[in-house]
Amino acid sequence: MASSVERSFTAASTLDEAMAARRQGAAVLAGGTWMMRDPRRGIDLPEAVVALHRIPALSKVEIEPDHVVIGAAVTHAVLGRALYGAAGFEGVVAAAEGAANPGIRRVATVGGNLCALDFAAADLVPALLVCEATVELETVEGPKLLGISDFLKDRHTLLTDGIVTRIHLRRDLVASAHIRLPLRKAGDYPVAIVSLAMDKDKRCRIAVGSVEPVARRWTALEQAMRAGPASALDPERAAELALEHNDFQGRDGKEAEGWYRRQVLPPLVKRGVAALLKTGGLA
Amino acid sequence: MTVTFQLNGEDCRFHGDPMTPLVDILRQERFLTGTKAVCREGFCGACTVHVDDEAVPSCLKPIALVQGCAVTTIEGLSSGNHPLHPLQAAFEAADAVQCGMCFPGMVMSLSAFVRDNPHASRPEIKAAMVGNICRCTGYERIVDTVADCLDQARKAGQLVGGVHV
Numbered sequence: 001m002a003s004s005v006e007r008s009f010t011a012a013s014t015l016d017e018a019m020a021a022r023r024q025g026a027a028v029l030a031g032g033t034w035m036m037r038d039p040r041r042g043i044d045l046p047e048a049v050v051a052l053h054r055i056p057a058l059s060k061v062e063i064e065p066d067h068v069v070i071g072a073a074v075t076h077a078v079l080g081r082a083l084y085g086a087a088g089f090e091g092v093v094a095a096a097e098g099a100a101n102p103g104i105r106r107v108a109t110v111g112g113n114l115c116a117l118d119f120a121a122a123d124l125v126p127a128l129l130v131c132e133a134t135v136e137l138e139t140v141e142g143p144k145l146l147g148i149s150d151f152l153k154d155r156h157t158l159l160t161d162g163i164v165t166r167i168h169l170r171r172d173l174v175a176s177a178h179i180r181l182p183l184r185k186a187g188d189y190p191v192a193i194v195s196l197a198m199d200k201d202k203r204c205r206i207a208v209g210s211v212e213p214v215a216r217r218w219t220a221l222e223q224a225m226r227a228g229p230a231s232a233l234d235p236e237r238a239a240e241l242a243l244e245h246n247d248f249q250g251r252d253g254k255e256a257e258g259w260y261r262r263q264v265l266p267p268l269v270k271r272g273v274a275a276l277l278k279t280g281g282l283a
Numbered sequence: 001m002t003v004t005f006q007l008n009g010e011d012c013r014f015h016g017d018p019m020t021p022l023v024d025i026l027r028q029e030r031f032l033t034g035t036k037a038v039c040r041e042g043f044c045g046a047c048t049v050h051v052d053d054e055a056v057p058s059c060l061k062p063i064a065l066v067q068g069c070a071v072t073t074i075e076g077l078s079s080g081n082h083p084l085h086p087l088q089a090a091f092e093a094a095d096a097v098q099c100g101m102c103f104p105g106m107v108m109s110l111s112a113f114v115r116d117n118p119h120a121s122r123p124e125i126k127a128a129m130v131g132n133i134c135r136c137t138g139y140e141r142i143v144d145t146v147a148d149c150l151d152q153a154r155k156a157g158q159l160v161g162g163v164h165v
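So the protein lines, in turn, are chains A and B. Residue numbers for the first sequence follow this note's numbering, beginning at 1 and rising by one. Residue numbers for the second sequence follow this note's numbering, beginning at 1 and rising by one.
Just chain A, with the same shape it has in the complex (with noise of 0.2 angstroms):
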């Protein structure tokens, strides 16, 4: 037990009094169960860390009726229940109930899996990505929105001093899915992972996480797919045009090799839709 260690720890209870412990180069503690194992990684932990689950605005769920707000600090666990049965959230809630497992999901936050940077298969990446979320940050300059996409671009340049504080979504999703693959049922980390989601004008949005080192959209099936009629949809041709337009790189990893997490994408696809089209009532 190393109880010798002189660590600064804080407690933040207002955002102001975190940004104060990150300038002073404090880590963000959320639920722990990313940064607890870096010393399995052979990473010390750090020096000074500033913990966020005293702030209250950070630990709700606002569901209006035109958007949602996710403080970064809510659980999976409570993610999951605060949108279950809320119309167009299926994937999300299906990635917040399936991630891990219970009790890493009790603990386990949405901010902490956006702002792991070396976790590719975070389950609530693909799903909020295919949500079009826009992420709140706190930075030195004061708050700053930004398009999931651009967030995940930039964030190793982004979480040098700034905190994530909320995430928006807006309620413009007819249906959404979240297809896992992992090796056994209980408790792996997905080999692959394909988030789905219908729009008002039912067009499809896919997002891939897992099989890159980020997760990211996969605009070039979105576009073939749009290319035929929205009512053409189909699990069968979906499969096919992923096949075709898989421009992915697999990361070869403990799990899985590269080359298997790309050449899975396809089937997953297929699930995704056939679960797209019974949640959006089109099936």
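There's no promise every hint is true.
List time: in silico DSSO-like cross-link candidates among lysine-lysine, alpha-carbon distance up to 30 angstroms [unchecked claim]:
1) A:153 <-> A:202
2) A:254 <-> B:126
3) A:278 <-> A:202
4) B:126 <-> A:278
5) A:202 <-> A:254
6) A:144 <-> A:200
7) A:270 <-> B:155
8) B:126 <-> B:155
9) A:200 <-> A:60
Quick list of simulated restraints, FRET-style, between CB atoms [as the list claims (entries may be wrong)]:
10) A:60 <-> B:121: 50 to 60 angstroms
11) A:240 <-> B:53: 42 to 52 angstroms
12) A:200 <-> B:156: 34 to 44 angstroms
On the chain A side, residues computed to face chain B include the following (Cβ under 10 angstroms) [as the list claims (entries may be wrong)]:
13) 14
14) 15
15) 19
16) 25
17) 29
18) 31
19) 32
20) 35
21) 39
22) 100
23) 103
24) 106
25) 153
26) 188
Hint data in this document are derived by calculation from the structure and do not stem from the laboratory. Backbone N, C-alpha and C define an ideal beta-carbon position, used for all residues, glycine too.
Use these hints to put chain B onto chain A, whose structure you have.
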């Protein structure tokens, strides 16, 4: 840093590294060795305890985050002077325990689950055990026992861990 919390109903104070995993304090300072440190990654569930009544992995819980919280370990679920928790009694009666390494974590996860889900189905019981790995693969007897325990409690209108079922 000094952290104060309730441990099995008693005041507890820790002074040291705020990022020390809760499991290490339980085992090495408090000698509560029922909580097992096995994978230390939140995958196996052997270190599960209740923090403010929620079943969580204590290997990934920095002690600073339990400031002001109530922590219950397997030793605190029922003391030696009191009857076992109904689920513990059911496991004992069904001889569901094998090597015992995973079992404290199983009991801590499932005792919270039956309290919150008195009408749980068999698939829901299995889903609740996803984070508790048993190397003896004794899952089916555990699932059977939880299902029987809930069923009997429902028929009798009794409590399982504090909730009428």
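Structure-based check of all given hints:
1. A:153 <-> A:202: 27 angstroms, holds
2. A:254 <-> B:126: With Cα atoms ~26 angstroms apart, residue 254 of chain A and residue 126 of chain B stay inside 30 angstroms; holds.
3. A:278 <-> A:202: Holds: residue 278 of chain A and residue 202 of chain A sit about 14 angstroms apart, inside 30 angstroms.
4. B:126 <-> A:278: Measuring from Cα to Cα gives roughly 25 angstroms; hence the hint holds.
5. A:202 <-> A:254: Violated, because 38 angstroms separates the two Cα atoms, which is more than 30 angstroms.
6. A:144 <-> A:200: 28 angstroms, holds
7. A:270 <-> B:155: With Cα atoms ~44 angstroms apart, residue 270 of chain A and residue 155 of chain B exceed 30 angstroms; violated.
8. B:126 <-> B:155: 22 angstroms, holds
9. A:200 <-> A:60: The hint holds at about 27 angstroms.
10. A:60 <-> B:121: 50 to 60 angstroms: 31 angstroms, violated
11. A:240 <-> B:53: 42 to 52 angstroms: 50 angstroms, holds
12. A:200 <-> B:156: 34 to 44 angstroms: Taking Cβ atoms as reference, residue 200 of chain A and residue 156 of chain B lie about 51 angstroms apart, which means the hint is violated.
13. 14: 17 angstroms, violated
14. 15: 18 angstroms, violated
15. 19: The hint is violated - residue 19 of chain A has no Cβ within 10 angstroms of chain B, the shortest such distance being about 19 angstroms.
16. 25: Hint violated; residue 25 of chain A Cβ to chain B Cβ min 15 angstroms, cut 10 angstroms.
17. 29: 7 angstroms, holds
18. 31: This hint holds: residue 31 of chain A lies near chain B, its Cβ roughly 8 angstroms from the closest one there, short of 10 angstroms.
19. 32: It holds, given that the least Cβ distance between residue 32 of chain A and chain B is near 5 angstroms, below 10 angstroms.
20. 35: With Cβ-Cβ at 8 angstroms, under 10 angstroms, it holds.
21. 39: Holds, about 9 angstroms.
22. 100: Status holds, d = 7 angstroms.
23. 103: 5 angstroms, holds
24. 106: Holds. Min distance 5 angstroms.
25. 153: The hint is violated - residue 153 of chain A has no Cβ within 10 angstroms of chain B, the shortest such distance being about 29 angstroms.
26. 188: 9 angstroms, holds
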